[in-house]
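Listed below are the residues making up each chain.
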Amino acid sequence: MWTSPDEFFAMGGYALYVWSSFGVCALILLIEPLAVRSRCKSIVKRLKKEILADQFDKEGSK
Amino acid sequence: MSQKNTLSNKHFINWFRLSSPMTFYPLAGKLIPIFWVLAFLFGVAGLWVSFFVAPIDAVQGQGYRIIFIHVPTSWMSMFIYIVMAVWAGLGLVLNTRLSSMMAQALAPIGAWMAFMSLWTGAFWGKPMWGAWWVWDARLTSELILLFLYLGFIALQASIDNPRRADKAGAVLVLVGVVNVPIIYFSVKWWNTLHQGASISMTKAPAMAQTMLWGMLLMALALWMYSIAVALMRVRVIILERESHADWVRQLSEVQS
Amino acid sequence: MSALLGIIHRDLLLVMRRKSEVLTALFFFVIVTSLFPLGIGADGALLRKIAPGVIWVAALLSTLLGLQRIFSADYADGTLEQMVLSPQPFVLLVAGKIAAHWLVCGLPLVILAPIIGIQFDMDAGSLHVLILALLLGTPVLSLIGSIGAALTLGVRGGSVLMSLIVLPLYIPVLIFGAGAVYANTVGLDVSGHFSLLGALLILALAFVPWVSAVAVKIAIE
Numbered sequence: 300m301w302t303s304p305d306e307f308f309a310m311g312g313y314a315l316y317v318w319s320s321f322g323v324c325a326l327i328l329l330i331e332p333l334a335v336r337s338r339c340k341s342i343v344k345r346l347k348k349e350i351l352a353d354q355f356d357k358e359g360s361k
Numbered sequence: 120m121s122q123k124n125t126l127s128n129k130h131f132i133n134w135f136r137l138s139s140p141m142t143f144y145p146l147a148g149k150l151i152p153i154f155w156v157l158a159f160l161f162g163v164a165g166l167w168v169s170f171f172v173a174p175i176d177a178v179q180g181q182g183y184r185i186i187f188i189h190v191p192t193s194w195m196s197m198f199i200y201i202v203m204a205v206w207a208g209l210g211l212v213l214n215t216r217l218s219s220m221m222a223q224a225l226a227p228i229g230a231w232m233a234f235m236s237l238w239t240g241a242f243w244g245k246p247m248w249g250a251w252w253v254w255d256a257r258l259t260s261e262l263i264l265l266f267l268y269l270g271f272i273a274l275q276a277s278i279d280n281p282r283r284a285d286k287a288g289a290v291l292v293l294v295g296v297v298n299v300p301i302i303y304f305s306v307k308w309w310n311t312l313h314q315g316a317s318i319s320m321t322k323a324p325a326m327a328q329t330m331l332w333g334m335l336l337m338a339l340a341l342w343m344y345s346i347a348v349a350l351m352r353v354r355v356i357i358l359e360r361e362s363h364a365d366w367v368r369q370l371s372e373v374q375s
Numbered sequence: 048m049s050a051l052l053g054i055i056h057r058d059l060l061l062v063m064r065r066k067s068e069v070l071t072a073l074f075f076f077v078i079v080t081s082l083f084p085l086g087i088g089a090d091g092a093l094l095r096k097i098a099p100g101v102i103w104v105a106a107l108l109s110t111l112l113g114l115q116r117i118f119s120a121d122y123a124d125g126t127l128e129q130m131v132l133s134p135q136p137f138v139l140l141v142a143g144k145i146a147a148h149w150l151v152c153g154l155p156l157v158i159l160a161p162i163i164g165i166q167f168d169m170d171a172g173s174l175h176v177l178i179l180a181l182l183l184g185t186p187v188l189s190l191i192g193s194i195g196a197a198l199t200l201g202v203r204g205g206s207v208l209m210s211l212i213v214l215p216l217y218i219p220v221l222i223f224g225a226g227a228v229y230a231n232t233v234g235l236d237v238s239g240h241f242s243l244l245g246a247l248l249i250l251a252l253a254f255v256p257w258v259s260a261v262a263v264k265i266a267i268e
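Chains as they are written, first to last, in this note's numbering: chain A, 300 to 361; chain B, 120 to 375; chain C, 48 to 268.
Worth flagging that the hints you see were computed from the coordinates, not collected in a lab.
Treat the hints with caution; some may be incorrect.
What the hints assert, rightly or not - Below, simulated DSS-like cross-link-like pairs (lysine-lysine); rule was C-alpha separation at most 25 Å, straight line:
#1 B/Lys149 / A/Lys340
#2 B/Lys307 / B/Lys245
#3 A/Lys344 / B/Lys149
#4 A/Lys347 / B/Lys245
#5 B/Lys307 / C/Lys96
#6 A/Lys361 / A/Lys340
#7 A/Lys357 / A/Lys347
Make a model of the complete structure from these sequences and hints.
Here is the structure:
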């Protein structure tokens with residue numbers, strides 16, 4: 300139904316509205332899992348530090 | 120492995136064993152990629168129908184295609200609120216931590232869905248009805264739903280004791296879920312009272328079969344996405360809240 | 048029943064000893080409604096049009112201010128815990144506290160509203176409808192607000208958080224209450240609005256004391 304890529308991107312004059320809608324949603328749907336990923340990384344980092352600290356304590360008290 | 124036995128012994132899944140964070144954590148980890156793949160597949164199919172199969176609209180031209188992201192996000196924001204209420208309610212009644220963690224994991228996803236619904240609604244309204252914001256009943260109810268989500272998230276963030284936060288959040292979301300139909304009804308009432316010729320988002324283009332398919336596929340894609348992100352987030356919440364437990368210390372990603 | 052009356056009597060007594068807490072909420076109501084003409088201009092027709100909405104929103108906000116007191120003082124000195132442990136059904140005690148709150152914060156609003164209405168040049172018919180609507184609506188505000196107050200007991204930043212939680216739930220009352228007055232001014236039938244307000248009141252009376260009691264117990268544990 301689209302005769303050319305230009306026509307597709309122009310969206311019959313509604314380009315700003317259609318692409319802003321889909322674009323912002325795509326951005327949000329991308330950023331949310333990335334934010335969860337980074338939260339995961341920080342908790343794992345914290346846990347690793349705690350384990351190291353525990354080991355240090357054990358060795359120190361021997 | 121004994122873990123597999125307790126879960127699916129003789130075609131019977133032991134749900135209560137599943138409600139322990141320790142059992143659920145690895146299971147969720149295995150499920151996440153499946154849901155991402157499903158989300159991707161449905162998303163591609165949905166976008167294909169939205170842009171290449173659904174015909175041009177007589178009245179709204181190509182601009183109506185926003186409906187394929189606006190309506191699914193609206194549906195999902197409502198659906199997630201209900202699912203959140205079910206999980207929170209289970210956590211309150213059965214006193215299971217994991218159910219409350221699921222509710223906590225779902226809340227931001229639902230809030231973002233509500234926001235996207237409002238954003239796409241504004242960008243649809245501007246070319247069609249001339250204003251960035253029309254106080255239409257559905258958009259206004261969507262805004263109030265966003266407030267309900269934000270209230271829940273704020274309440275959970277402010278209470279330090281995790282079990283108290285779980286239960287208080289559950290009460291709030293259950294009260295909210297009962298109120299949502301009342302709020303929607305009252306907003307519709309308000310709309311007809313104050314605007315004679317009401318501008319209504321529901322006066323959408325007459326539904327062609329293909330349009331309905333497009334919306335359904337996009338909704339399915341968002342649903343799979345929501346499950347994937349919820350599982351991801353609940354795993355993080357489990358790590359944060361169960362950090363003192365031995366099994367967390369034994370995890371491979373923490374040991375290395 | 049006597050437990051209910053006893054709690055109402057006790058709370059009213061406590062308020063009488065500290066009148067300033069209540070009076071400030073009422074002054075807030077008066078001041079906020081005065082801000083709107085100052086911000087918008089003294090155009091009589093415009094003020095008459097916005098009066099129901101402004102008065103209702105101010106009523107919502109003043110009720111919220113008053114709600115901060117409903118459980119927090121007793122929570123702080125341990126009396127609330129004693130009430131939970133007492134042989135009297137706790138739901139009844141909560142209902143009593145909400146009733147006392149309405150007598151102290153809601154009823155004065157109903158009495159003050161006509162004065163504010165005159166400031167906004169509302170006619171007698173609209174004032175009648177306004178008073179009736181507030182009479183039905185302010186108890187619902189006290190009831191729903193008590194849930195928010197109970198959930199945020201002792202929480203940092205609790206008062207603002209309570210407002211965030213409770214205001215979306217207030218919206219139906221606002222719509223039907225202000226809508227009743229608006230409908231009256233344009234000559235529409237108000238019975239629908241009042242039936243809905245009445246229905247909200249009955250629903251709230253039936254369920255909210257129990258929900259608030261659960262919420263208080265969660266906060267106390």
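Hints, verified against the model:
1. B/Lys149 / A/Lys340: 18 Å, holds
2. B/Lys307 / B/Lys245: 21 Å, holds
3. A/Lys344 / B/Lys149: 22 Å, holds
4. A/Lys347 / B/Lys245: 51 Å, violated
5. B/Lys307 / C/Lys96: 21 Å, holds
6. A/Lys361 / A/Lys340: Violated: A/Lys361 and A/Lys340 sit about 32 Å apart, past 25 Å.
7. A/Lys357 / A/Lys347: 15 Å, holds
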